[in-house]
Amino acid sequence: MKHFSGDISIVLGGAAGQGVQTVEELLVNVLKREKYNVFACKEYMSRIRGGSNSTEIRVTDKKRAAFVNRIDFLFALDKDVLPHLKHRISSKTVVLGEKNKIVDTQELHVIDVPFTRFAHELGNPLYTSTVAVGVALGLLKADVVIFQEYLRTHFARKGDDIIKKNLEAAEKGYVFGKHLAYSEGIEVVMKKNETVKNELLLDGHEAVGLGALAGGCDYISSYPMTPGTGVLTFLAQKGRALGVIVDQAEDEIAAINQGLGAGYAGARALVTTSGGGFDLMTEGVSLAGMIETPIVIHIAGRPGPSTGLPTRTEQADLNLALYAGHGEFPRAIFAPGTLAEAFSVMVQAFHIAHAYQIPVFILTDQYFVDALTTVAEEDFPFIAWQQHIVKTDALYKRYAVTENGVSPRGIPGYGEGLVGVDSDEHDDEAHITESAVVRVAMHEKRLRKISGIRDEAFLPTEFGDVKRADTIVVSWGSNRGVLEEALEHLLRDDVAGVHFSQVYPLPKAAKKIFTRKEIIVIENNASGQFAELLQQEYGVKVKKRILQYDGSPFSVEEIIERVKILL
Amino acid sequence: MIDKKLYDMPLHTDIAWCPACGNFPILTIVKHALAELDIAPQEAVICSGIGQAAKTPHYLRVNYFNGLHGRALPPAIGIKNANPKLTVIAESGDGDTYGEGGNHFLHTIRRNPDITNIVHNNMIYGLTKGQASPTSEKGLKNPLQPNGVVVEPFNPVAVALAAGATFVARAFAADIAQSKEIVKAAILHKGYALVDIFQPCVVFNKQNTYQWFKEHTYSLDETYDKMDKMKAMELAFDQEKFALGVIYQETGRPTYETLVREGEEPLFLRKQNNAEMFQQLLQSFK
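For the protein sequence lines, the chains are A and B, in the order given. Start counting the first sequence at 1; every next residue gets the next number (the numbering used here). Start counting the second sequence at 1; every next residue gets the next number (the numbering used here).
Here chain A stands alone, though its shape is the one from the complex (with noise of 0.2 Å):
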């Protein structure tokens, strides 16, 4: 008998072009329609066809947003998957596939599904797919009624036929899973909870999008760049209705000068890109510094240098964005954690860029984007935001001299003023000046704003009990997830957690954290960019780092791992 209860891992293997992306879609939907905890990752080749991919798909008692090595079961569609996923099966690990498309070396506890047999039956490979739903949820003992439900509204549009057949899919599939109990000794025991029913279903660029619109982006131009790309389809199709232009550059220069345009006519602006495509627009993010126009910037890291591993993730980008752009104006940088802070910060990131006329930064990375799980509704408010532009009168001055350093905007065409902007160092009426002391007191009103910035900045987040612990391990951006578990399993009271979703500027009030404590940072980077940041804003020695650069999210088990040496 094989017991698995509380917490499980499916994987989901093939390569690209067979089917892993839509079983995954499937499933996540069904297990959340039958009120299961939900989280899933992907980690895929940088091709159409072929290849070798594979989804995660946690299913816990407690919510989890964590990437997990352990795989439980592990649905492997061609022979490929064995040799590309094996370090990550054990002999605990429940194999299913087709016998003569797995080559065994590991004396796994393999099962073979006929696939090929079933979706032969049914007349069509794409079954597979559904087949492969069905025998996950028939493991799982699920409602299979609500599978059903489900496949009938999914396929809706496709015709009686293709409803009929994936039904019969489905069957075959549940019937098979639900069997295993007996013939294989499987046994799975999982809660369910009842609030994920009616909670949202997001992928990390789905929860980015919606922060932009509740930030009321209006304006995105961006290039496709992976895996940055996301965002940028996500406002095609949802945001039109909303009101945002969409404009597919030329090129990522073009896309962020485009955004500026915008911006100083009047719109919100977002752009989308990775490393890449955020060089190229490096010479914007300086305009936007001295043009004092808001834009706000999002990069979805991958590991670099240059093309770099294009499908896989890496938080090596901070320093990019720290130090994008010659000269020197403020700016600030936000990384989420969860799909709720993705929201957060990107209204947060509006609401700044626009309150300050500065760029503003949003780091996400493949994982997180990718990444799926349910979030309550209250998560997403809508509040409306502040416009920042003033009507401008005849005697207006673009860059009036203020204390704070922010100059009351005009926009043109909004009042008797006119408003100019200038790359040049300007006077207050933006006229070119090669004056040092109106290049002075220039430079200084833009640098004035950080202060500003930085008293609106977000607080991180904490695990555990960060007073009483003497070492705390921090993390940015994606990895709040596998960090807050990883401390729950290491029972450690004198280990707390500190959760950064606003890298920069730091919030002062949060120096205190570190105040005679042994700091851990962890970063999926080579150099610790962010424990470097922390050092310099705080003036704190981080003596120990966990670093990642292989391309992959850190697991829950590695983390443990690796904190316990160090501890």
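Warning: the hint list may mix true and false statements.
Derived DSS-like pairs (lysine-lysine); straight-line CA-CA distance at most 27 Å [stated by the list, open to error]:
1) A:K141 to B:K286
2) B:K184 to B:K5
3) B:K85 to A:K397
4) A:K391 to B:K286
5) B:K85 to A:K62
6) B:K5 to A:K391
7) A:K238 to B:K286
8) A:K158 to B:K286
9) A:K197 to B:K184
FYI, nobody ran anything at the bench for these hints, they're computed from the structure. None of these values were measured; they are calculated from a predicted model.
Fit chain B to the known structure of chain A by using the hints.
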């Protein structure tokens, strides 16, 4: 017609152009064209990049976005999309528009936004002291090619036509009256309008002088059919004698801003009544 003086800067304004520069007549042309079309300075925006031509918006009273080298067009698109009620002009030099901004030039034309693109074409880099520009003639001796330019000159008129521009014109700065009418026609044109305007650089281009332009240009007369694209192409490829006037115009093509947005309401006036639609969108994720 509004008072032309509304576009004048105060008398003490320090203008960074050389005496007798071809930019001066272009400044007059733009000011007069806008005034004669009854466009108030508040309703117009001039976008420019970097270079002597790109300083133009500093020398008239108007809204302006003086951005980065080669990037006059992307912000112009953003401005027009954000507020279609504004008259948007992108004005820069030949290096800025055809060199550094070449990709934007091509793809802005494909979009057909209702923008006027005035390019001061003096066939030289002035501000950086006399290097070749994309439109420099083959053989032109300059500090970086002491033996003369060895590459083919960029042909803006032919490229614009090939990319699908709906309005392509060429003017000569010395002929203020004709150029002003061309610029007015360009502003009135619904869609992307290129005005490539020849302008001598009196300091650095000793080859393409006022006299040279006079000898190498001629004006199209009223018998010329500006709707004939093949004829326009033929003119575009004549590099011996350059035609002045509206070389090509096509009407009726939808402008970009009408395709990417609903109506003409400026974005900043957008009412925050989206809460309900946002809630609806959220429900679709349940």
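Here is how each hint holds up against the structure:
no. : hint             : result
1   : A:K141 to B:K286 : 23 Å, holds
2   : B:K184 to B:K5   : 18 Å, holds
3   : B:K85 to A:K397  : 22 Å, holds
4   : A:K391 to B:K286 : 41 Å, violated
5   : B:K85 to A:K62   : 54 Å, violated
6   : B:K5 to A:K391   : 24 Å, holds
7   : A:K238 to B:K286 : 15 Å, holds
8   : A:K158 to B:K286 : 21 Å, holds
9   : A:K197 to B:K184 : 62 Å, violated
Against the hints set out earlier in the document, violations occur for numbers 4, 5, 9.
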